[in-house]
Structure formats: C-alpha cells, structure tokens
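Protein chains: 2
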Amino acid sequence: MANRKVFERLDVSVPGYRYPIIIGYHLLGDSDALSQYVAAEQVMIVTNELVASLYLHELKTSLSGHQCDVVILPDGETYKNQASLNLIYDALMTNSHHRDTTVIALGGGVIGDITGFAAATYQRGVRFINCPTTLLAQTDASIGGKTAINHACGKNMIGSFYQPAAVLIDLNTLLTLPGREFNAGLAEVIKYGLLAGEEFLVYLEEALKHGLRVNGSEILQIVSRSAQIKARYIEADEKEQGSRALLNLGHTFAHALETYTSYQRWLHGEAVAIGLYCAALLSYHMGIAKQSLVERVACIMTRAGLPYTIPKDIDLKQLRQFMQLDKKIKNKRLRFVVLKKPGECYLDDGVTEECLHNTLSAAVEGENSNG
Amino acid sequence: MANRKVFERLDVSVPGYRYPIIIGYHLLGDSDALSQYVAAEQVMIVTNELVASLYLHELKTSLSGHQCDVVILPDGETYKNQASLNLIYDALMTNSHHRDTTVIALGGGVIGDITGFAAATYQRGVRFINCPTTLLAQTDASIGGKTAINHACGKNMIGSFYQPAAVLIDLNTLLTLPGREFNAGLAEVIKYGLLAGEEFLVYLEEALKHGLRVNGSEILQIVSRSAQIKARYIEADEKEQGSRALLNLGHTFAHALETYTSYQRWLHGEAVAIGLYCAALLSYHMGIAKQSLVERVACIMTRAGLPYTIPKDIDLKQLRQFMQLDKKIKNKRLRFVVLKKPGECYLDDGVTEECLHNTLSAAVEGENSNG
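Listed in order, the protein sequences are those of chains B and F. When we follow my numbering, the leftmost residue of the first sequence carries the number -12, and every step to the right adds one. When we follow my numbering, the leftmost residue of the second sequence carries the number -12, and every step to the right adds one.
Worth double-checking, as some hints may not be accurate.
Stated by the list, open to error - Straight-line alpha carbon distances no greater than 30 Å define the calculated DSS-like cross-link-like pairs of lysine-lysine that follow:
| no. | chain 1 | residue 1 | chain 2 | residue 2 |
| --- | --- | --- | --- | --- |
| 1 | F | K314 | B | K226 |
| 2 | B | K142 | F | K67 |
| 3 | F | K315 | B | K314 |
| 4 | B | K226 | F | K226 |
| 5 | F | K142 | B | K67 |
| 6 | B | K47 | F | K67 |
| 7 | B | K142 | F | K142 |
| 8 | B | K327 | B | K196 |
| 9 | F | K317 | F | K226 |
| 10 | F | K314 | B | K299 |
| 11 | F | K314 | B | K47 |
| 12 | B | K314 | F | K142 |
| 13 | B | K67 | F | K314 |
| 14 | B | K317 | F | K47 |
| 15 | B | K315 | F | K47 |
| 16 | B | K67 | F | K67 |
| 17 | B | K47 | F | K47 |
| 18 | F | K226 | B | K67 |
| 19 | B | K317 | B | K327 |
To be verified - Here chain F is said to cover these stretches of chain B; the calculated rule only asks that three of the stretch's residues, wherever they fall, bring their Cβ under 8 Å from a Cβ of chain F:
| no. | region |
| --- | --- |
| 20 | 64 to 77 |
| 21 | 85 to 92 |
| 22 | 106 to 117 |
| 23 | 145 to 155 |
Calculated from the structure, these hints are not laboratory results. Each residue gets a CB set at the ideal place from its N, CA and C atoms; glycine is no exception.
Whenever a hint applies, use it, and build me the whole structure from the sequences.
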C-alpha cells in the first residue's frame, strides 16, 4: 500500500460550483496535490490531539512554503461545540488570516464538521479543504457540504451547507484507525450498497466474506464507489429538499439509539448498523420487502463485525419517544426511509404505530432467528 | 405619507434563487403582504428594545394566525455578538422551532445582520424575512445577503452570505428615526450616486439642496433607486469575488476610522461620509480624478448634514495601521476603490504609501479649502 501511486478523482457539481474528491495514497505528503487547492500564502490546519500526533508533521511539511498555523482540539464529539469553534476563530484572527486564507480539516467527522463551519463563517466564508482520516468521514461526513456544531439541546443544530474546495482522502490514514472505528465506517458503506443496488452490495458481501483488510486492494474501490454514490445524491439535491433525505436510511432509528444512550454506547456507525437492520425489518413488517432481505442485512453486519440487534435493556417505549426529535419530521409526522430491495428506497410518512412497535420488538436481541 | 398606498417591488436574482424587495408604506401592518413570505406555522421575530416599543405590536398583530415567538435584544452595535446570537438559538430551540420556521428581523443593520446569521445557521438554514427600520438598513445593510456578528478582534468577522426570502421596507418607520441616523443613512445613498453616475447624483444634490424631508415625496424614489443600484452589484457578483467590492467605496477609510475610535465616535454612515471624501481625495492625488470632484463630495456631505474631514486629534499613522485589517486585502496588499468620476470606479492595489499619506494629510480638518 505504502508505495502505490494509484488514485481516483471524482468531481462533484452543485449549482454554481464544482470541486474534486481525490482518493489515493500518501496525499497528505504530496505537496503538489495539496498546493493546487490552497488559495494563497496563509493556511490554518485544524486537527485533534490524536490525529496531530500521527499526521500533522507530514501535512505541515507538505505545506512548508506557506504561513501554516495550527489549532489542535481535544478528541471527541463532546468538543464539537461553540467553545472549539471560537478557538478556531481566535486563531484565525490573532494570526491575521485574511479572506484568501485556506482552512484545512485533518481528522474524522467531528473535525471536518466544525472546521467546515468555521471556514463557512470566518469573514463570510474562506477556502476549505477537507482531509478526512476515518473511514466514516472518508465515505460519508466529508462529502456533501454539511457542516455543524452541536447545541446543548441537540446534535448538529447550528451549521450550514458549505462545499469544500477539495476533499483529499489519504487511504494511508486507515492503517492507524482502530478496528472498531473501521468497522463502524463500514456501516455507512453498507448503507450505500443498500441504496445503490445489487452490484455494489454483492461486491461488498464478497469482500467482507473473504476478509476485508485495511491495506487490501478493495479499499480504494470501496471508498471511491461510496463517495460516488453519495455525490450523486448531493448533486441531485444539495440542500436536502427531497431525494437527499434517502441517505438517512436507518438513521431515524440510529439517531434515537444514540440520543437514548447519550452518544456513549455506540459509535455512530454502530448505531447506523442497528438502524439499517431496523429499516429492513420495518420494510418487511410493512409488507414491501422480503424476509430474505432482513436476513441478508443481518448477515452482512455480522461479516463486518457490527452489531445489528437492539440490546434487551433498551426500553422500546422510550426509544420510540426519542424518534420524535428527527429532523425529517414534516407537518409533525415521522418520515422513514423504507427499502423494497437493494436499489429501491423511498420516504414513507404513513408508518403506523403498530407496525413500528412490531419492528422494534422484532429487532431486539434474541427475538429473531439471526440474532 | 400615512395613507399612501404606493409601493415599489424589485426582484433580486442570484444563482439558483430569486427574491423580492418591497418598498412602501404600512407594510408592517399589512398581514397579506407579510403572510405570503412566511413558510409555515412558526415565526420568530428578532428586534431590539427601542424598535419593539415602536413597531412590535403592529408586526405581531399582522402575524396573529401564527405561533409567534419574540427575542428582544438590547439596542446597539455592542450587542452584535455571540451572546446575542446564542439568545436567538436558545429561543428557537426551547420553542421547538422546526426547519420550516420563518425568522423575521425587525430593526436596523445590527438586528438584520445578527438575525440573518441566526437564520443562516439554525438547522443549516431556515427562512428569513428582513424588515429594516433605518435608512441605512433600508438602502444598504438589508440588501445583498451579508449577515454577520462581530468578533472581539474585528467587526463582521463571523458571518455568511445568506439571501432572505423577502425584504419588506416600511418607509413609515423613518418617521421615528432620529435626524442624525437619517443623515448617516444618506452617506450610503450618496455612495450609490457616486457609483451609479450623474443622473442619480444630480437628483440627490437637488433634493438635498431643497431640503430632503423624511416624509417628502423623494424618499420612495431615493430608497428604491438605492436598493436597485445595490441589487445590480449583488446580482453580478453575489459572493464579492470581483465587482461587488466596488460597493466598498470609501469603506477602507471608514472602517479604519471606526476601529480607531472603537465605534464610539461616529455612526457608520458618518464614517462612510468621511471615507467617501478620502476616496475622492485619494483619486485626485493619484491623478485620476479632478479637484472639482473632491469639492463636489465635500459640498454634498455638507448639504446632507454629514462630516467629511478627519478631525485633527486623529493620529494618521495609527489610522494607517488600522487600514491593514481591511477584508479586501489580497496577497497582503491593500486594495482601494478609486473614483475617476461619478459612474466610473475601480479597484486599485497599487496605491503608494506616499500617496496614501498625502491623502490622509489633506483630509484633515482645516487642511483643505472646503474644510
């Protein structure tokens, strides 16, 4: 992996704007690849303590011709808040960064979201480059221009849509990613398989069956295909007025599970894995998907080393309550993304309480033949 | 004025988006005019203590069919900060405002800027209606989608470009505007005259010569022509990549004067008046404008009851330092908007320190034949 020169380039077009996603190896150390997206002399890198210890030196070396300032935040979702945002603003101001500065995110989804929001709002928007270092950020969070911080009353409540100048995905960073986080990233990848259809889903099933190695040959293919699938949804509906909401497959369940457990029990991807299984079960209970689809989702999650059932200690009535916070709610009705078969999803606001109850009950650990 | 039914409608088109500016009388009390721009059931009005005492009741009555919540901020530029922004976010969250809410600004430039920024960033953007109540906000701040709060280190440093769903300019609100604030608003209007050319400038000179009354017949014409001129710049260059920067005529000087005096000495429009005179002097010292243009600018400011010279107690070296914070700086070079004659302006990044020094010296009170 270390010496491969292969890379993929994917262009994303939204109204009035076009930018590339570059996926490859050793991009953080590739001065030429980086420089072409930096606007002028000034650069501000935002990262966290953990990622800084691994990759900051490499990135700074690549930018050695620039005035390169750095903000290092503590690691974790807890720090995706106003205080961290202010640290970034303060660093930009005290180092006299002008409107032609370039802000670079080096890290996972938390770093990408908060840095993107800082770039979107510093002097009404400066150039932003996202260098995601987790599988989840590489396949999901870094693509699509959603930036945000959390508010005490809710996750991602303050933010904006702001597209980067470029997304540079250095696959080498996956080598240092903990296994549990890698697997969590696979949940969103599997979601793309379910959204896009048989071809990619079967590819994933085969890759996982033979054991997907983080330095194996399939990773480039998996990351670039995921990015491509997400990018097509963004291009069709940048501001989530319609079809982009399908990317929320499994997420009504996942967000409720995360809020219920105060984001302490599962990584986001793990909650999504359970959410995808619930979405398949819901579709089955609504009579639109076959039982075999439910079994297939359970099987692929097992292969990916991911949970998929709801643990017995979760109170289903409380879980149902937490679903009421969903951002997709329209005219006070919940809207679920349901799945007829891989490649065929749609939004449904007509799910009955009974059907939802049966779905949640059937998703509980030990309540199903695959559990 | 009170019973006039006349109004003007002006449409602004930016990439992918179009919205109206409605200029007329009694718009705040016109339930039909307002309702057509409100998205759904929920409305959040943001205003300040002074404006609330004058116009909040009228606006709330017009919105009586809606869930209408209100945030009342203290009056003044001091409160255009993160703390006020958080008050708005908190009110939106605690009153469970969904993504289909409508946020309405009722006030001057401070209220419009901060409310627009809250709307731009709450749940990644909700509907925004701007009801400006000062001449400055009606002719400048409310038009063009610039939203912002101040940072301890600089004015408008945190913000975004976010276009409203509509701008409703109720000219009746000018009746309660203090004379000094009305005159300050005229500075931006005069700037449009200098940018747009002889026709509007001569119209203004004549109107001011005969005494412009706040309830006179020229006001509708002046506000709508100003809005139109600004809107054309916005349409050509929404994000200020190029020609929109010309709207900064006089502002490099004005912002430095304001920062130097901690925003305590002049109203923004008053600083702009001095800045416009400096811009004319600079253009003269560069040999591109005639002496008569400088005299003409001094004369029109006098007619409008505005200052135009730099007071003697201002240290010109320090003032020069404050210019270095200008947002138009590119590759560390100051860029000035210079004026050949009314209707002919351009950006110049080749102003020498000597020329700048001569300009500032000549602008000092008593140093010129018109002072």
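Hints versus structure:
Restraint check for K314 of chain F and K226 of chain B: satisfied, since their Cα atoms lie roughly 29 Å apart, inside the 30 Å limit. With a C-alpha separation of about 25 Å, the suggested pair K142 of chain B and K67 of chain F falls inside the 30 Å cut-off, and the hint holds. For the hint pairing K315 of chain F with K314 of chain B, the CA-to-CA distance comes to about 38 Å; that exceeds 30 Å, so the pair is violated. Note on K226 of chain B and K226 of chain F: the hinted pairing holds, with a Cα-Cα distance of about 18 Å set against a maximum of 30 Å.
Between the alpha carbons of K142 of chain F and K67 of chain B the distance comes to roughly 25 Å, so the proposed pair stays at or under 30 Å and holds. Of the pairs offered as hints, the one joining K47 of chain B and K67 of chain F is violated, with about 36 Å between alpha carbons and a cut-off of 30 Å exceeded. Between K142 of chain B and K142 of chain F, the direct Cα distance comes to roughly 29 Å. Compliance with the 30 Å bound is thereby established for this hinted pair. At roughly 24 Å between alpha-carbon atoms, K327 of chain B and K196 of chain B fall within 30 Å of each other, so this suggested pair holds.
For the hint pairing K317 of chain F with K226 of chain F, the CA-to-CA distance comes to about 15 Å; that is within 30 Å, so the pair holds. Between K314 of chain F and K299 of chain B the CA atoms are separated by roughly 57 Å; this puts the pair beyond 30 Å, and the hint is violated. At most 30 Å may separate the alpha-carbon atoms for a hinted pair to count; K314 of chain F and K47 of chain B meet this at roughly 26 Å. Straight-line distance between C-alpha atoms of K314 of chain B and K142 of chain F comes to about 33 Å, which puts the hinted pair past the 30 Å bound.
Annotation: proposed proximity of K67 of chain B to K314 of chain F holds, straight-line Cα distance about 28 Å (limit 30 Å). This hinted pair checks out: K317 of chain B and K47 of chain F have alpha carbons roughly 25 Å apart, not beyond 30 Å. This hinted pair checks out: K315 of chain B and K47 of chain F have alpha carbons roughly 29 Å apart, not beyond 30 Å. A distance of roughly 23 Å separates the Cα atoms of K67 of chain B and K67 of chain F; the hinted pair therefore holds under the 30 Å criterion.
Our distance criterion of 30 Å between C-alpha atoms is broken by K47 of chain B and K47 of chain F, whose separation comes to about 55 Å. This hinted pair checks out: K226 of chain F and K67 of chain B have alpha carbons roughly 28 Å apart, not beyond 30 Å. With a C-alpha separation of about 22 Å, the suggested pairing of K317 of chain B with K327 of chain B holds against the 30 Å cut-off. With 4 residues having a beta carbon nearer than 8 Å to a beta carbon of chain F, the region 64 to 77 of chain B meets the requirement of three or more and the stated coverage holds.
Check result for the region 85 to 92 of chain B against chain F: holds, 3 residues qualifying (beta carbon to beta carbon below 8 Å, three or more required). Here the region 106 to 117 of chain B counts 6 residues with a CB under 8 Å from a CB of chain F, which clears the bar of 3, and the coverage holds. Given as covered by chain F, the region 145 to 155 of chain B passes the check, having 4 residues with a CB less than 8 Å from a CB of that chain where 3 are the minimum.
The earlier numbered hints that this structure contradicts are 3, 6, 10, 12, 17.
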